[in-house]
Amino acid sequence: MAENLIKPENLVYKKSGIMTDRVLHYCPGCGHGTAHRILAEVIEELGIQNETIGVAPVGCSVLAYYYFDVDMQEAAHGRAPAVATGIKRVMPEKYVFTYQGDGDLAAIGTAETIHACNRGENILIVFVNNGIYGMTGGQMAPTTLIGMKSSTSPFGRDIKTMGSPIKMTELVAQLPGTYYVTRQAVHKPANVRKAKKALKKALEYQKLNKGTCFVEIVSNCPSNWKMTPVQSNEWMEENMFPYYPLGDIKLPQDENKK
Amino acid sequence: MAKHGDIVIDIERCKGCEVCLAACPHSVLALSPEVNKKGYHYTVKVNEDCTGCTNCAIVCPDAVITVYREK
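If you read the protein sequences in the order shown, they are chains A and B.
Sequential numbering of the first sequence, starting at -3, is according to the numbering used here.
Sequential numbering of the second sequence, starting at 559, is according to the numbering used here.
Any given hint might turn out to be false.
Said to hold, decoys possible - If we take Cβ atoms under 7 Å as the criterion, some of the chain A residues that face chain B in the derived model are:
id, residue
1, L1
2, G29
3, P185
Unchecked claim - Now the in silico label distances, taken between C-beta atoms and shown as ranges:
id, chain 1, residue 1, chain 2, residue 2, range
4, A, A107, B, H584, 18 to 28 Å
5, A, G152, B, E606, 42 to 52 Å
6, A, L7, B, N605, 33 to 43 Å
7, A, M87, B, H584, 46 to 56 Å
8, B, H584, A, E230, 15 to 25 Å
Said to hold, decoys possible - Per the computed footprint, the stretches of chain B lying under chain A, defined by three or more beta-carbons under 8 Å from a beta-carbon of chain A, are:
id, segment
9, 561 to 568
10, 574 to 586
Everything labelled a hint here was simulated from the structure, so no lab data went into it.
For every residue, glycine included, the Cβ atom is placed at its ideal position computed from N, Cα and C.
Working from the sequences, and respecting the hints, build out all of it.
This is the structure in structure tokens:
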């Protein structure tokens, strides 16, 4: 190339300043990193770094507080929506979000999740669904697909003994307390852009005090699915998306009327 | 004509997941035969076809890519 393009005026993309410089502990290709990054970018774009409080879960993303340069609080396993409820009620002018995986939100924290959504707490719940318990070694989660092998379902999930995967996002969309419910993914550029828009809308809606915003991000788990990151993304498209279809599930009422 | 772009890769943070390789529409990226300090083969730029579309950077889970595009 004739000219050197690496100058500040040509910059079109760099790591958000809300992300700390710490190297992420996630496995190569894990969707958690991308989800963290877009959430950080949204906080930066809205200029709400000082007004945002995050609640970290237990699971792979237990160390999320190392990576966001905003106030963070660690919650007991599954209790992030309850902790976020407390924070939001004490400081209603702050933007409060929880960041949870499927083992945290859909298994041990089902009660907290459903009741926080039912009460219509003005928080954002980010739900990263990879259909497995990643941190503890790939055990079956409530969201594991039928027939999917995990370390505690080595012959595949059997519907008779283990039940069907739970669709938390559709479930909370039924509750009157939720305002905006959507399911996105972060494996391809177009999906990342859409997911980022969804997160941005969800944080903007928090100002309206209309109810809980719930954003599910369908993600991969290359290590525990025992695939390469690229293979796991393809597998996710073929197997996860038919059961967990992407798109908005509940839009704000005013938008529905148009 | 498409604009030219350029990328800077923070090779020590790269984990060689290859998600950016699949996202690049112009096959600009490849894995290096060398490894970084953590032992991962890292992404390198192999040709000058980059248009600065930012696709690689926005799918990168570790935010290692910075993108520049001519004005």
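Hint-by-hint comparison with the structure:
{"no.": "1", "hint": "L1", "verdict": "4 Å, holds"}
{"no.": "2", "hint": "G29", "verdict": "3 Å, holds"}
{"no.": "3", "hint": "P185", "verdict": "4 Å, holds"}
{"no.": "4", "hint": "A:A107 / B:H584: 18 to 28 Å", "verdict": "50 Å, violated"}
{"no.": "5", "hint": "A:G152 / B:E606: 42 to 52 Å", "verdict": "48 Å, holds"}
{"no.": "6", "hint": "A:L7 / B:N605: 33 to 43 Å", "verdict": "22 Å, violated"}
{"no.": "7", "hint": "A:M87 / B:H584: 46 to 56 Å", "verdict": "47 Å, holds"}
{"no.": "8", "hint": "B:H584 / A:E230: 15 to 25 Å", "verdict": "21 Å, holds"}
{"no.": "9", "hint": "561 to 568", "verdict": "holds (count 4)"}
{"no.": "10", "hint": "574 to 586", "verdict": "holds (count 7)"}
Hints 4, 6 from the earlier list are contradicted by this structure; the remaining hints agree with it.
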